[in-house]
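Single-letter residue listing:
Protein chains: 2
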Amino acid sequence: MSAPTAIRFADRLSNVETSAIRELFKLLGQPGIISFAGGFPDAALFDVEGIRAASERALQHDPAAALQYGATEGYPPLREQLAALMAGKGVAGLAPEQLIVTTGSQQALDLIGKTLISPGDKVIVEGPTFLATIQCFRLYGAELISAPIDGDGVDVQRLEALIAQHRPKFVYLVPTFGNPSGALLSLERRRRVLELALRTQTLIVEDDPYGDLYFDAAPPPSLLALSAELPGSRDCLVHCGSLSKVLSPGLRIGWLVAPPELLAKAVMCKQFSDAHTSTFAQATAAQYLQGGRLGATLERVRQVYAERAQAMGAALRSELGAALGFVPPQGGLFIWARLTGVGRSGAGTALADGHELAQRAIAQGVAFVPGRPFYASAPDPATLRLSFATVGVERIREGVARLARAL
Amino acid sequence: MSAPTAIRFADRLSNVETSAIRELFKLLGQPGIISFAGGFPDAALFDVEGIRAASERALQHDPAAALQYGATEGYPPLREQLAALMAGKGVAGLAPEQLIVTTGSQQALDLIGKTLISPGDKVIVEGPTFLATIQCFRLYGAELISAPIDGDGVDVQRLEALIAQHRPKFVYLVPTFGNPSGALLSLERRRRVLELALRTQTLIVEDDPYGDLYFDAAPPPSLLALSAELPGSRDCLVHCGSLSKVLSPGLRIGWLVAPPELLAKAVMCKQFSDAHTSTFAQATAAQYLQGGRLGATLERVRQVYAERAQAMGAALRSELGAALGFVPPQGGLFIWARLTGVGRSGAGTALADGHELAQRAIAQGVAFVPGRPFYASAPDPATLRLSFATVGVERIREGVARLARAL
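Note that the protein sequences, when read in sequence, are chains X and R.
Per this note's numbering, residue 1 is the first one in the first sequence, and the count goes up by one each step.
Per this note's numbering, residue 1001 is the first one in the second sequence, and the count goes up by one each step.
Treat the hints with care, as some may be off.
Using C-beta positions, here's what the derived DEER-type ranges look like [said to hold, decoys possible]:
| no. | chain 1 | residue 1 | chain 2 | residue 2 | range |
| --- | --- | --- | --- | --- | --- |
| 1 | R | D1152 | X | Q60 | 44 to 50 Å |
| 2 | R | P1231 | X | Q60 | 50 to 56 Å |
| 3 | X | A352 | R | G1291 | 32 to 38 Å |
| 4 | R | P1231 | X | F9 | 22 to 28 Å |
| 5 | X | S14 | R | G1088 | 37 to 43 Å |
| 6 | X | E97 | R | P1031 | 20 to 26 Å |
| 7 | R | A1087 | X | G151 | 52 to 58 Å |
| 8 | R | L1298 | X | E356 | 55 to 61 Å |
| 9 | X | Q165 | R | P1076 | 43 to 49 Å |
| 10 | R | L1298 | X | A3 | 31 to 37 Å |
| 11 | X | Q165 | R | G1291 | 56 to 62 Å |
| 12 | R | L1013 | X | Q359 | 41 to 47 Å |
| 13 | R | G1032 | X | T5 | 37 to 43 Å |
| 14 | X | H61 | R | F1040 | 17 to 23 Å |
Keep in mind that the hints were calculated from the coordinates and are not lab data.
Using N, Cα and C, we set each Cβ at its ideal position, and we do this for glycine too.
Whenever a hint applies, use it, and build me the whole structure from the sequences.
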């Protein structure tokens, strides 16, 4: 379809392709499909009554604040609640003025791109990393470089070499239960990342939407929390948080913590991006957090996701055996797996292409996302992402059985 | 304050200055100040009960839709309601798929910038125009060219010459009760603008947040509505709408109508800007519009603003006389005025600098915004913007009396 002659698009659009997984998603509407393809929490776990009551209190308490224009930085009572939430996660001494509210953490990523990336700038991301981050940064003209990861998160030695080679504008990491990798950056590596950032004066963006979704033990402290151990390192840190995975994505409440100079520029950019995040949603979230229900909500959510992750892991091992390698996740929404190319018994050969398996799987009535689009460069075509978050345990077993048939 | 060495900002930030009016706004918190400086609707007129009930229905009706991730294009029932709203304003045959929901119309502007503006591209705006548009487009590297306006809106002959000279990426107009000008583009000029757009294949962006706030007769149809008269002209039109001035800014509900190729690119950009607009706010707005209360709300709002505009106009004439020239607005939130440099009786000389008057006015306990920052180029320093929207009639009279003392 060619555009009318009056329309001439901006050059930046040529940096992004339409998503390769979009076609797959179109097939998800087919009846009877069991979907491991989603990247969202289970709506059945939302605390609808708690949110309804919070919204009602917000409108009773101060209707003008909930419905009028608000400060670009965010609704002050929400900034206080979010600072308290961060304190509860080990981030000491964070004043409400040191964070701004964003329209989901996706907007935090957009503001990071807008304030920092000039066309041609280099940015290091994990390989694989969050799909929408790749596209978001590319729209600002970034050249993305992938740092390899394993089950313990990013390979710090390789990261150091890439920083020395490319002098990136910043490094983007999802250290805790990343999407798609599910990987957990170890405490020892977290300390090395901070030390590396400080020594090389490299800005690190820590995206942390999943850190609260642990199954058993809490993960190591965030880079932001750990920065208290290493004086000066907080000046090299940007942190993105979100209520989307723990409370409700529909509120679109995220936040951004950054050094004051960067935060001020992000506020200016936000002013011209959407003026401010919905005060109606912000006042509702503030009332919800103040009401103290998040702890109980999180406990319920963690338990359900832990059961589903456990069920999926067990089913994958029993149904696909040696044909599929994966590190069982300790939290989050995803199992990241790799087709080994050998049969389930460990003998013979089997399909080792995630995209082809995805197509066969649809035919068997089960969907997932092949790993390729999650790489900014050098994709591993044998990888795949399976989300267990929105499917009940019985359906997970049935879905994995279908996957085994597809293989 | 210099940034930590780890932070290197993007080049685009050097295209914008921090707002010249920000200092003035800091003074507004002083006790007793009567403020004509705001650019927002009166929170006392919000239909709080209607919005509360709509929100409750949204959560009862389909809590998952109101709280889960949603389509980037917008919540389908809201797109239907907005298409119906546009049909009620004379835009025939607009399908819900031909508009997308944005996070306030500010985001529509941002998406227009992101999809269309490459650094160095020329864009024609009115002089004066909406402040946040100037900064928004400059962040994408636009070079802005001002087309002069009068009480009947943009000077079409001058606009035609500027288009021929600069071949802009697009022209941005606020044809109806513009901010800050309050001007109303006449029907005859609207037809000429459409004809000009079609003939020169120039994209026109029509920003229309104020069109429903008329005081007496309804304004001429929007460019989008009129485009039905001139086959092919709709392909040259982009239209931004908003619920902010008529229902509530805090919901952050705007929309964008554009040719399909442009709308598709805007959706892609929005996906990486904030994923989607709050579904909680969207579902609430959809229920509100479906409930049919907007008509009554608008009637009340129009009546109050008309009284205030009338009171301010009369007070300005009686207190400042020949010292101040202005065209009484027929709608919107603003009186745009110009210091003539002569005394109130028409004899002698008086102050003709809006910025200086603003500072003197603060000392007298009244605030407004001087006109200078609303110009992308060649500012007229004698201009000023006075908002009557949030001040009662008695206080308007008192405020204008203070303004006269300041002069």
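Evaluated hints:
{"no.": "1", "hint": "R:D1152 / X:Q60: 44 to 50 Å", "in the structure": "holds, 46 Å"}
{"no.": "2", "hint": "R:P1231 / X:Q60: 50 to 56 Å", "in the structure": "holds, 52 Å"}
{"no.": "3", "hint": "X:A352 / R:G1291: 32 to 38 Å", "in the structure": "violated, 56 Å"}
{"no.": "4", "hint": "R:P1231 / X:F9: 22 to 28 Å", "in the structure": "holds, 24 Å"}
{"no.": "5", "hint": "X:S14 / R:G1088: 37 to 43 Å", "in the structure": "holds, 39 Å"}
{"no.": "6", "hint": "X:E97 / R:P1031: 20 to 26 Å", "in the structure": "holds, 24 Å"}
{"no.": "7", "hint": "R:A1087 / X:G151: 52 to 58 Å", "in the structure": "holds, 56 Å"}
{"no.": "8", "hint": "R:L1298 / X:E356: 55 to 61 Å", "in the structure": "holds, 57 Å"}
{"no.": "9", "hint": "X:Q165 / R:P1076: 43 to 49 Å", "in the structure": "holds, 48 Å"}
{"no.": "10", "hint": "R:L1298 / X:A3: 31 to 37 Å", "in the structure": "holds, 36 Å"}
{"no.": "11", "hint": "X:Q165 / R:G1291: 56 to 62 Å", "in the structure": "holds, 60 Å"}
{"no.": "12", "hint": "R:L1013 / X:Q359: 41 to 47 Å", "in the structure": "holds, 45 Å"}
{"no.": "13", "hint": "R:G1032 / X:T5: 37 to 43 Å", "in the structure": "violated, 57 Å"}
{"no.": "14", "hint": "X:H61 / R:F1040: 17 to 23 Å", "in the structure": "holds, 20 Å"}
Going through the hint list in order, the structure does not satisfy hints 3, 13.
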